[in-house]
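Asks: We have chain A; now place chain B onto it with these hints.
For reference, the chains in residue letters:
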Amino acid sequence: DAGVTQSPTHLIKTRGQQVTLRCSPKSGHDTVSWYQQALGQGPQFIFQYYEEEERQRGNFPDRFSGHQFPNYSSELNVNALLLGDSALYLCASSPWAGGPANEQFFGPGTRLTVL
Amino acid sequence: AQSVTQLDSHVSVSEGTPVLLRCNYSSSYSPSLFWYVQHPNKGLQLLLKYTSAATLVKGINGFEAEFKKSETSFHLTKPSAHMSDAAEYFCVVSPTGTASKLTFGTGTRLQVTL
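Residue numbers (this note's numbering), protein chains in the order written: chain A, 1 to 115; chain B, 1001 to 1114.
So that you can see chain A by itself, here it is in the shape it has in the complex (with noise of 0.2 Å):
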């Protein structure tokens, strides 16, 4: 089982560009949620998808959108980028039913540097 999978592993872009990034979950999760870390700080929750559809959402702007994939691959988008969104995205999988109560499992991350 190869975990939870992220890429890419670094990017760097510039003000006002899109960006995209993506995640595999782990064999068996059906749930991806996805978290930005910013320098020194603690992984703050973007949204969470299932079935397809977006089910719970942090406070982030609609900037921030997503779309997970029959496969349950998941991934992010960040339109006109902001220097402040440089940051750590992290990527959670776990089953939305009937597995321990909300343990995620988490990605490497990817690692967003925005100029």
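Mixed in with the good hints, there may be bad ones.
Some but not every residue of chain A turned toward chain B, in silico, with C-beta under 8 Å [as the list claims (entries may be wrong)]: (1) Phe45; (2) Gln56; (3) Gln104; (4) Gly109.
Sample of chain A residues with no beta-carbon within 12 Å of chain B, all distances over it, derived [said to hold, decoys possible]: (5) Glu52; (6) Asp62; (7) Phe69; (8) Glu75; (9) Leu81; (10) Leu82; (11) Leu83.
Calculated directly from the structure, the hints in this document are not laboratory data. All C-beta atoms in this analysis are idealised placements derived from N, C-alpha and C, irrespective of residue type, glycine included.
Replies: For chain B alone, kept in the frame of chain A given last:
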């Protein structure tokens, strides 16, 4: 609403001495509580979790935590620190039940010295 407060941003211990990382939580419903560890340039790894079963929870690498509802605390302890324990530790709260968002504390950086 739910939140966690990690009372120390930085803790320094000598190798072989006990570790105590403090966490208080606030939750309007029965919470699940977790401790995650993050080593430099690595992803988050689950150390242990509390899900309304035994209040003393044992995790990996000799860590354990005790859920104290009266004190709304979930402190992480280890009897003897090892150099490899140096990392960032996050206390996390979530509603008990099916998949839900995790709310992280601000983290405690553990330094282990010789």
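Asks: Is it correct that the beta-carbon of phenylalanine 69 of chain A has no partner in chain B closer than or equal to 12 Å?
Replies: Since the minimum Cβ distance to chain B is about 18 Å, phenylalanine 69 of chain A lies beyond 12 Å and the statement holds.
Asks: Once the closest CB in chain B is found, is it more than 12 Å from aspartate 62 of chain A?
Replies: Its Cβ never comes within 12 Å of chain B, the nearest being 18 Å, so this holds.
Asks: Please check whether the beta-carbon of glutamate 52 of chain A is more than 12 Å away from every beta-carbon in chain B.
Replies: holds, 15 Å
Asks: Quick check for students: does the CB of leucine 82 of chain A sit more than 12 Å from each CB in chain B?
Replies: holds, 22 Å
Asks: Just double-check leucine 81 of chain A for me: nearest Cβ-Cβ distance to chain B has to come out over 12 Å.
Replies: Given a closest Cβ separation of 23 Å, the condition holds.
Asks: Far enough from chain B: is every CB of that chain over 12 Å from the CB of leucine 83 of chain A?
Replies: Non-interface label stands for leucine 83 of chain A: nearest chain B Cβ at 22 Å, farther than 12 Å.
Asks: Does glutamine 104 of chain A meet its interface restraint, that is, does its C-beta lie within less than 8 Å of any C-beta in chain B?
Replies: holds, 6 Å
Asks: Using 8 Å as the Cβ threshold, decide whether glycine 109 of chain A counts as touching chain B.
Replies: Holds: closest Cβ of chain B sits about 6 Å from glycine 109 of chain A, inside 8 Å.
Asks: Just want to verify: glutamate 75 of chain A was marked as not at the interface with chain B; is every Cβ pair farther apart than 12 Å?
Replies: holds, 19 Å
Asks: Should the hint that phenylalanine 45 of chain A touches chain B count as held when the rule is a Cβ pair under 8 Å?
Replies: Constraint on phenylalanine 45 of chain A satisfied, holds at 4 Å.
Asks: Does the interface hint hold: is glutamine 56 of chain A within less than 8 Å of chain B, judged Cβ to Cβ?
Replies: OK, holds: glutamine 56 of chain A within 8 Å of chain B, min 5 Å.
Comparing the model with each earlier hint shows no violations; every hint is respected.
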